[in-house]
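Asker: Going down the list, the protein sequences come from chains R and F. Mapping of the first sequence onto the working numbering: position 58 corresponds to residue 70, and the numbering continues sequentially without gaps. Mapping of the second sequence onto the working numbering: position 47 corresponds to residue 57, and the numbering continues sequentially without gaps.
In case anyone wonders, no lab produced these hints; they're calculated from the structure. Errors might be hidden in some of the hints.
Unchecked claim - FRET-style restraints, in silico, Cβ to Cβ:
| hint | chain 1 | residue 1 | chain 2 | residue 2 | range |
| --- | --- | --- | --- | --- | --- |
| 1 | F | Leu103 | R | Arg135 | 16 to 26 Å |
| 2 | F | Asn79 | R | Val124 | 40 to 50 Å |
| 3 | F | Asn79 | R | Ala141 | 24 to 34 Å |
| 4 | F | Met96 | R | Ile151 | 15 to 25 Å |
| 5 | R | Val134 | F | Arg118 | 24 to 34 Å |
| 6 | R | Ala141 | F | Thr56 | 43 to 53 Å |
| 7 | R | Glu88 | F | Arg118 | 17 to 27 Å |
| 8 | R | Ser120 | F | Pro45 | 50 to 60 Å |
| 9 | R | Val134 | F | Met107 | 46 to 56 Å |
Don't be surprised by glycine CBs; every beta carbon is placed ideally from N, CA and C.
Chain by chain, the residues run as shown.
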Amino acid sequence: MGVFDMLAISASALSAERQRAEVTSANLANAETTRTEAGGPYVRKEVVFGSSSSSPFRTVLNQTGRFAHAPAGTVELKQVINDTTPPVKRYEPGNPDADEGGFVEYPSINPVSEMVDLMSAVRAYQLNASAVTAAKQMIQQSIDILKTT
Amino acid sequence: MITTTPIMQMLQGYLKVTSDRQQIITSNIANVDTPGYHTKDLDFQTAMQQAMGEGSRLQLQPASTTVDNLPERPDGNNVNVDRESMLLGQTQLQYQMGVQLIKSEFHRLLSAIKEGS
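Bound-form chain F, shown alone:
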């Protein structure tokens, strides 16, 4: 992966982790009525290390974990709709922050090319 600055590389990893987490939250919401389904989540630190450190190594499984401390319904499903919709909004804003930072990084690069004019 060729990136211009170390910050850019880090932001790339950050965007990957947030979009992976958003996908896991989306799949939790999708399985809100699936009997026996347990809420999944992403451990940010592990996922970020995977995205940053071993970028070249083949990833077999995303670093997703099962959340077991939520109250379970009689059908074995423990998806909490409030938690998931809160996380959906939160992760979306985190992603937006990553995008804005990348944009400002490109803006700095452009300003350097234009010699600050």
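The shape of chain R in the complex, shown without the other chains:
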């Protein structure tokens, strides 16, 4: 444990929240996408976060200082899962992606809930950025002990 571990923890959270914002932005951008490489409409993505815990062995290994390991309590993006909600069908017979009945499959994306998700990611990012500021000030104060007055 050290002051610099705080920066590593906050950095992991900043990265995770940024990736979450990216996935949410991709959902918003592809709200009307009917054609993908895999075929069919775009599938809404969602992120799953996980927390890393520390074993006693890992703690002792870290204390030797020879192996650079992430400190306990960091957050990481475990996986990006596909939403299993079936696509929404709209009657558009003129659309080239329409089936025999004239229906086009659109991804079931609700822009409002995506915006709420995006805002939540941005707020969490802000909170972690202020934690970085706090850690930096603490490091600066420790350096100030060295300054002779």
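Given chain R, work out where chain F should sit, using these hints.
Answerer: Chain F in isolation, oriented as in the chain R frame:
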């Protein structure tokens, strides 16, 4: 650990405990969106005893405890953002106090070396 005065040794332990606590609070903030994560905290008395008394003994785990009396969200996470940001500021000020006390202790030492001039 060689320290000049007993006060210095105590302040060293105090700084270690506050920075450990700050790290735990930082990790709570980092896990604000992790499903199933429970808020962790440091018991000051136990941590201070560990930092002071058994400084030479190898510490396997920091004296962190899980806080369970906070309301839990449906995804099993009970991190309260207000509590954590309040504690972040509080611990930062505590750390600053420890640093200022160490500085004043060094200042006293310097003044003794200079024979009070």
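Asker: Would you mind marking each hint as holding or not holding in the structure?
Answerer: Here's how the hints hold up against the structure:
no. : hint                            : in the structure
1   : F:Leu103 / R:Arg135: 16 to 26 Å : 24 Å, holds
2   : F:Asn79 / R:Val124: 40 to 50 Å  : 34 Å, violated
3   : F:Asn79 / R:Ala141: 24 to 34 Å  : 29 Å, holds
4   : F:Met96 / R:Ile151: 15 to 25 Å  : 21 Å, holds
5   : R:Val134 / F:Arg118: 24 to 34 Å : 48 Å, violated
6   : R:Ala141 / F:Thr56: 43 to 53 Å  : 31 Å, violated
7   : R:Glu88 / F:Arg118: 17 to 27 Å  : 47 Å, violated
8   : R:Ser120 / F:Pro45: 50 to 60 Å  : 22 Å, violated
9   : R:Val134 / F:Met107: 46 to 56 Å : 33 Å, violated
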